[in-house]
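So the protein sequences, as listed, match chains H and R. What the first sequence shows, in the UniProt record's numbering, is residues 1 to 543, in sequence order. What the second sequence shows, in the UniProt record's numbering, is residues 1 to 301, in sequence order.
In case anyone wonders, no lab produced these hints; they're calculated from the structure. A virtual CB, placed ideally from N, CA and C, is assigned to each residue, including glycine. Please note that a few of the clues may not be correct.
FRET-style restraints, in silico, Cβ to Cβ [stated by the list, open to error]:
#: 1; chain 1: H; residue 1: Arg352; chain 2: R; residue 2: Arg280; range: 31 to 37 angstroms
#: 2; chain 1: H; residue 1: Gly42; chain 2: R; residue 2: Val223; range: 44 to 50 angstroms
#: 3; chain 1: H; residue 1: Gly42; chain 2: R; residue 2: Glu14; range: 43 to 49 angstroms
#: 4; chain 1: H; residue 1: Val182; chain 2: R; residue 2: Thr129; range: 26 to 32 angstroms
#: 5; chain 1: H; residue 1: Gly42; chain 2: R; residue 2: Glu40; range: 32 to 38 angstroms
#: 6; chain 1: R; residue 1: Lys291; chain 2: H; residue 2: Asn279; range: 34 to 40 angstroms
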Amino acid sequence: MYILAGTEGGQIKAVPLSAPRSSSSAPAVPGAPSALRPMEPGARAAAEAAAKAAAAQCTTFGTLDKNAAVVAMASVTIRGREAVLVARANGVVDVWDHARVNEEEEGPGPLLASVAAFVPPEGMSIVEKREWVKVVDVDALDDTTIMAVNSRGTLAAITLDPAPNTPRSTTTTAILQVAGSVQTVDLGKDIHRVRPCAPHHRHLLAVGGNERDLHLVDLNAPKSQEADKKEEHLYTGLAKPSVWTGELRHTVVWRARNVPFDSVGLRVPVWITDVRFLNATGTQMATCTAYHEVKFYDTTKQRRPTAVIHVGDQPLRSLTVLPPTSHSDLLVSDSKGAVYRISPTQAAAHARKAARAAGDPDHPRNKSIARRSGKPIAAGSAVAGAYKGAQGAVRQVLPATMPDGADVVCAVGLDRFVRVWDAKSHAVRARWFVKQRLEAAVVWRTPIESGGAQPEGQAEQEDEEVGDEVWDELDALERRQLGDEDDEEDTFEELAVSGEPTKKRKDRRTEGDDDEDDNVDVPRAPVKKKAVPKKLKKPAARK
Amino acid sequence: MKNPSEIRNKHKREEIYQKLKAEKARKQIEERKRRKKLEEENPELREERLKNNVPKTIDNTKEYQEAIVEDDEEVFADEDSDEFAAFFTGGQPPKICVTTSMRPSADLHIFAKEFASLFPTAEVRKRGTFDIKDIAKFCTNREFTDLVIIHEDKKQDGPNAVIFIHLPDGPTAYFKLSNVRLSKEIQGHGRATPHLPEVILNNFNTRLGHTIGRFFASMFPPVPEFMGRQVVTFHNQRDFIFVRRHRYMFENKEKVELQELGPQFTLKLKWLQRGTFDTRFGDYEFSFSQKMETSRRKFFL
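Hey, can you work out the whole structure from these sequences and the hints?
Put into structure tokens, the structure is as follows:
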């Protein structure tokens, strides 16, 4: 099981979740304050070795290109296969199937399709072009169609068909290509999140953004079902699983209403950064905002939020729902690295208590002046804990269930770490330093065989003969660094042939200074390629 | 021998304790003399003794920091295309606008001028009542590459923070400023000349440290004038960055003399935010909080 994290450089880092405890800190000694605990001898070396081993387990896909920075990712099923959609800042949406990595040599790699979702029309200025191509969100509308939304609010629905002339291998189907023309519909500007009601009603989208309050768009519904902005309309949701008809109809079936003016009579601003559906029929949603609020909505009850929770004092960046085994709590992350766990049941209980005390000015709950005005329905103590450790903005927080049944919380962000906590105990399980700022992530279940040339950190080969070659090269390189560069080619081949007694190699290897091997970028000279046996596939071969 | 602390008579107790101390000191001196004699004959013993007796300091018992950058192609590639690429690969010369917080005291203004003298292409502007976001926009329009705001809280306390904003869409770094000493307060100081200084960046080891180091480096013209023999040093130790300016002079091939010029101060990074100054809605790459201090031996730069 892996976390695929999309980086600012356009690469995808695959980090194995089921790996043993990686570069996390030493286990806590109960009772002893950690700042005063003396470092055990060898602790630093152990931590270093563990971190290097962990780094070697991370696989990198793609080449570094900041123009193609990953902006959003989604885990979907396309044409019957599990795939990951990767939306980039240059308007390209990739469809990746990472189970195909081990077929690198036979067919095209994990990239199934690379679609230019947004091509800027003629006559746009540079700034406008950049806005036009910047994808904001991506997901699948059904088994064959992906949708992408750009920062101008245009939703593009792209149907993918299997491409005709691709080499076929026995176990896989062909890769995909765009079928027909791309359908678009305009959702309006300043949209930050478009979330389909997965898995049953992918045509029902929850849309929100900066000063764009939450609204539900049903792509199937005819215009007659459009909700009136003025009326207190309700939406009963969709009971049976339904499929997208294939047409893009911008029908807003439900609009949220803002909370009442605050205690000084000012309008409360709205800036939705993430939305999630809380039930399968599409009637309950939660949003997180840049004004550090988590709002709950129930479309069958009212248009206003049923509860508003203020969490911290930083903009909230991402929201997700913990699996039902964890009591359907929410996880929310903010721009300074805090990951909070929100409990809707607790929030609802607070809202009920506030509502019960609302009309009564003598109730102890209504002592404060803000409460006396009767209007705010903010619930404060729904925060049921936090997951500590992230040092920078957490751009995406994800839940995952490990194969052994443990619920974990994963966070990726701008501090260049992938962190995993145990959902229940809030203890740090693991963290990986992946060297680039991370924007989005998904959980991936199929094993990824890191056999191809692309993967960066190679686990050390067990094969002894191959290992000997490695030592020969390193030997030669050491000598090269002292000696004359011109003789490199000749002497190098000599060394490769003669070699040194095998026994010496083994001894060196068991000595424990394996540092040289792990992040080997030492082989830079082109002559390297001749001596390296094909099996080894050192990172230098990647160009 | 009875433990002196068990003697009830204070005078007697003191006497016995002093005797013990003297005895201990005498033994120590004798041991040193003996060792010195042996080591004069056999210098290897001295080397061995020094090798085995390295004192443990916080610096050499640091916790392993996995974000430390060693020879790593991926990190270098990432850095080559970061916000400072325009300076490092494009050769864009720096142009810095230095200003202060609103209603500066006289001390703050004086320090701002000295601070600006550190950077050859910096100019001081009055703050007026403009918002930082607006100033950043104005500076971008006038093709500045960096905006530095020196901040003070109380007029009598002088400057206590510096905000560095890299301009096109660069990161914003907020440092706490301490131990500020002006040129004239430094004993035996020299006078700086307009020569372009060399820049020394020490101990910026982690990925975050690299970003900060590149930030500082990008504020100086890339090619120094060695004739001027001036050097500005940003020395990071335990997450405190010591900023000094010196003039060096070679007595002979082995010996160098340093004369301190210009202002001296210490910086400590509080947060690094992606994009230009937007503390309300921006994303932070690093934001220091007490919760991060899990150990006395853990450092971030």
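| query | Taking the beta carbons of Val182 (chain H) and Thr129 (chain R), is their distance inside 26 to 32 angstroms? | reply | violated (50 angstroms)
| Do the Cβ positions of Lys291 (chain R) and Asn279 (chain H) conform to the proposed distance bound of 34 to 40 angstroms? | 35 angstroms Cβ-Cβ, so the 34 to 40 angstroms window holds.
| field | Beta-carbon spacing of Gly42 (chain H) to Glu40 (chain R) - inside the hinted bounds 32 to 38 angstroms or not | value | With Cβ atoms ~37 angstroms apart, the hint holds.
| query | Should the hint that Arg352 (chain H) and Arg280 (chain R) are 31 to 37 angstroms apart at their CB atoms be regarded as holding? | reply | holds (32 angstroms)
| message | For the hint 43 to 49 angstroms, verify it against the beta carbon of Gly42 (chain H) and that of Glu14 (chain R). | response | Once the Cβ atoms are compared, 45 angstroms apart, the range 43 to 49 angstroms for Glu14 (chain R) and Gly42 (chain H) holds.
| Is the hinted range of 44 to 50 angstroms satisfied by the C-beta distance from Gly42 (chain H) to Val223 (chain R)? | Taking Cβ atoms as reference, Gly42 (chain H) and Val223 (chain R) lie about 46 angstroms apart, which means the hint holds.
In summary, the structure is inconsistent with hint 4 from the numbered list given earlier, while agreeing with all the others.
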